[in-house]
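From just these sequences and the hints, can you work out the full model?
As they're listed, the protein sequences go chains A and B. Quick note on numbering that gives the first Met the number 0: the first sequence kicks off at 0 and runs consecutively. Quick note on numbering that gives the first Met the number 0: the second sequence kicks off at 0 and runs consecutively.
Fair warning: there could be bad hints in the mix.
It does not matter which identical chain is used: a pair holds within one copy or between any two.
What the hints assert, rightly or not - Derived lysine-lysine pairs resembling DSS-like cross-links, with alpha carbons at most 25 Å apart:
hint: 1; residue 1: Lys330; residue 2: Lys222
hint: 2; residue 1: Lys177; residue 2: Lys144
hint: 3; residue 1: Lys508; residue 2: Lys330
hint: 4; residue 1: Lys330; residue 2: Lys177
hint: 5; residue 1: Lys177; residue 2: Lys222
If you are wondering where the hints come from, they were derived from the structure by calculation, not from laboratory data.
Protein chains: 2
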Amino acid sequence: MSMIVNRRDLDFLMYEMFDLDRLLTTERYGDYDREVVTAVLDTAQAIAEDKYLPCAAELDANEPTFDGKDVHIMPEVKAALEAYAEAGFFSASFDEAVGGMQMPFMVSSALGGIFTCANMGIASYAFLTQANAGMLAALGTASQKDMFLGPMLAGRWFGTMCLSEPQAGSSLSDIRTKAVADGDGRYLISGTKMWISGGDQNISENIIHMVLARIPGGPPGVKGLSLFIVPKYRVNEDGTLGADNNIALAGLNHKMGHRGTTNCLLNFGESGDCHGTLIGEPHRGLSYMFHMMNEARTGVGYGAVMSGLAGYLYSLDYARHRPQGRHPHEKDPVTPQVMIIEHADVKRMLMAQKAYVEGGLSLVTYCAGLIDAQAVTDDPAEQGRLGLLLDILTPIAKSWPSEYCLEANKHAIQILGGYGYTREYPVERFYRDNRLNHIHEGTHAIHGIDLLGRKVRMREGAALEALEREVRQTIDQAREVAGLSGYARELGSAFDMLRDTAGRVAQTKNVNLMLANATAYLDAFGHVVVAWLWLQQAQAALKGLAGNGGEQDFYNGKLAACQYFFRYELPTVDSRFALVASLDDTCLMASPEQFIGQ
Amino acid sequence: MSMIVNRRDLDFLMYEMFDLDRLLTTERYGDYDREVVTAVLDTAQAIAEDKYLPCAAELDANEPTFDGKDVHIMPEVKAALEAYAEAGFFSASFDEAVGGMQMPFMVSSALGGIFTCANMGIASYAFLTQANAGMLAALGTASQKDMFLGPMLAGRWFGTMCLSEPQAGSSLSDIRTKAVADGDGRYLISGTKMWISGGDQNISENIIHMVLARIPGGPPGVKGLSLFIVPKYRVNEDGTLGADNNIALAGLNHKMGHRGTTNCLLNFGESGDCHGTLIGEPHRGLSYMFHMMNEARTGVGYGAVMSGLAGYLYSLDYARHRPQGRHPHEKDPVTPQVMIIEHADVKRMLMAQKAYVEGGLSLVTYCAGLIDAQAVTDDPAEQGRLGLLLDILTPIAKSWPSEYCLEANKHAIQILGGYGYTREYPVERFYRDNRLNHIHEGTHAIHGIDLLGRKVRMREGAALEALEREVRQTIDQAREVAGLSGYARELGSAFDMLRDTAGRVAQTKNVNLMLANATAYLDAFGHVVVAWLWLQQAQAALKGLAGNGGEQDFYNGKLAACQYFFRYELPTVDSRFALVASLDDTCLMASPEQFIGQ
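So this is what it looks like as structure tokens:
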């Protein structure tokens, strides 16, 4: 079995759950069929197993260093990214019109996931570049695209996103970096950016920063932010590299995990000579950022699922081969030890990991499918409906895997016991890597507020209604199926609570009180969504069992995980929804002095 | 505010909750009064802040190394332990008769906690030595005590516990290390021991290993294990050090956390010349180990609480001083940013930490008080009652803080955001350190099985009854108090579920099924116990508020944390008890092949 991907599960999601076949019949994806998709994923898996996986532990133990002048990164990183570039994967999800492979997002996400699972530290350089290039492709002028997009999609130049500053992390409203027009159509950028992943490195020929900054005289707050392209080296008209653009690496941050990717404090324009080019119109920078936010945030969720998957696969393999202890009924100490997968609590921890990881994977794959569906429909009503679903599910797709696939990693360590707690085994690394995902691309708290304060109320509840229609459809189908009708009923009650809680909370005029328990709401909402997707997985598994009579283990495993989710997980939402609905103010009313009494 | 201890909370627990005053009137502890206790803790805090805390981050970043011959450890470690020894603290909890300070366990635990909170890596060397010396004091012959105890209580020789082997971690039944009598009253020890904390170091003059091994011809399994004293250097009759005792360090394990303490793979008697001395009688080694188990396991819980406390104090201080963002009702971006402690979700994460950490501290302090009470009573019935309470609470005291104070550390990282995820700040270290506690001194699963399979049933439920009497007494008192009667009712219902669930589970004859969800039972049981202790804290806080009218913040903070626990935490037990009571077999019945379908 592979340690970085369960291809059978990917196929199940793409073909048996989310009908990739139908998508591949559309004009946009006409170049793809099952065979091509399989070949693409085969290539990805081969590169990832050959170039990414073998150096993952070493890269974690030997993070990039900065000697005050240059950044040093293990050479395996560059070699791996060259293989990735050679396969054309930097351009996987881009349109043919700009030289891309025009892959369905469902497929390019799966492809990316394989690399993430193998080596998060290397994979991140490519994903940041793709996110940056995605904004360029969507928002850049023809000449901006001419200049930057080609080298990025070829993997020769990498990209970053520069939003945060030391005094402005979650609060982008407080960004201070300045951009002053120099009269020649350029802007002079000055300021300090913090937490810039890939902000400096010695891998690519150039680094293209996407920078949020303020044009003096604009409105305060987020309405005065503009977006700029700021390259490390200036680019001449003919595409060759010009002078150094006055961006100084002030230092590297040293993280608990994600140690393979540089994370930088950057000073722009210390000597007053850092050139940037405006993207789109002035003062619209944040709205441009939000343009790409759903994909970026779903991408974080995808990454969290992949850390979870890496731990799940490793601990499953370990549990099958590690003898230790005997069954509770076995009192004779001279009988052989059993493999630990025989112990009920190890099975519980594996089943929990399966339910979290495969549940999370179904969630992010469903979201990817919504993005694909948007790309192939011209119907404005359908576009609107898909957009609403994506809007309401994005906070879940980002946050739920962050929380529960981290929990999965905790279980993976536990299954390996003392060994799992050492750096000689990879599971503690996955646990360290995964802890980041609650923090970046909007903290957990921010997504709670986004969900309860905005998404469930937007357009008079239209997004929540769009989701409810989907959920009720699954419930209506499952209600008629032997073995699933109980789950259908339980999911229906849980959704009632979810909706009623949003309604109860909306009745207060006190916005601080309304949002005081938004994180608990986010958490419980996620459980309902994933229960819904598990019920769909069970439906597909029953169909699979009826269809060919083979692969009993695979399909029965899906049914078991669905059962686990409805018995062990979904019942926990009741107390959380009740808490949120009660508008409890215990925490909100606590004064700073009460915490330790001084 | 101190970053390593909340002295006000220690005083609250010792004097306002658990009546240390009364204990100090007993003959055994006649040398102590409040003033002496305060002076002792002052000294501990001063040494910990001066010698332990300043090098904690550096020790984590520069773990001990082994060059194939010698172990190298930062010199600050030795200096810190010398200061600890000079204060006499190695002997804190030992009887005056053996040269100890004869401190109440409640006080010596608090003292130890201060050092743990400051620098877990250093503190562990002392605690391992004290645990080893405790067994010697209880079980050793006069000549064994003469030879070993004095240097250990003076901190000149350190001690270890050698139980695990590579093939025998949780399953001590499978230990293979041999001890062959040489006819001179000595035993020749041979075998490999794994995970030995402090197993080698360059700090103390000698290392005294306490080793579980098998005398050939004994019964198989745990009933054939004997316990031996095995020194690194042999000890001459006059107490001077003799020859090297043929114990080879085969390698150091590299852990995710706890990086300051060496953790070793040791080969005993590779050349056939490793001498050991039997403790007590042959084949009774494991029962001797269990003799000290309650204290050792409560000690693990105490350590988990201290990692939690370290993160709580740090993140609280940070939240008070980090400006970021504005209240939800504030729409004007030019108003100043507020300190993040003003945000509802930061308050929630601080309150959760407070509830977990101070709740956990009350639990382990209560257990320490039970041990103290045992030491001063001659009444066999009272001894029995105290023993039963300790027996049933030990799995909780070990496991509940491991789970929930790790969760506290997760929140501490989140409060610091990106900064919290870097090694430039200490909170990620606490999170890494704390993850060990589910694993050592009996895994989480083992404590669940111990609780549900043994402790709740022992002596026809006598331990559970003893606990219930205590809980009902608190409920009866709280029922009459305005503001607490609701909690009293809820705690009563929760305890009913706890007891009824144990009864339901006991009805099956299938022991594998009976124990299949023991971990969930352990978890929910812990929440009920901590809710009970929070209700007691609230009672004491109301008394404090009525008594002097001062310290409003401290006491109101206790009431707020109690309210948090009853509103946010206790309601979660219902679904867990229901699951256990249903004898759910979802995980138990899953086959190894179903997890990924191959």
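Hint-by-hint comparison with the structure:
With identical chains, the CA atoms of Lys330 and Lys222 are at most 25 Å apart between copies only, with a shortest distance of 12 Å across copies and 71 Å within one. Proximity of Lys177 and Lys144 under a CA criterion of 25 Å is satisfied intra-copy only: 24 Å inside one chain copy versus 73 Å between copies. Proximity of Lys508 to Lys330 under the C-alpha cut-off of 25 Å is restricted to the inter-copy arrangement: shortest distance 15 Å between copies versus 64 Å within a copy. Proximity of Lys330 and Lys177 under a CA criterion of 25 Å is satisfied inter-copy only: 23 Å between copies versus 73 Å inside one chain copy.
In this assembly of identical chains, Lys177 and Lys222 lie within 25 Å of each other by CA distance solely inside one copy; the values are 14 Å within and 75 Å between copies.
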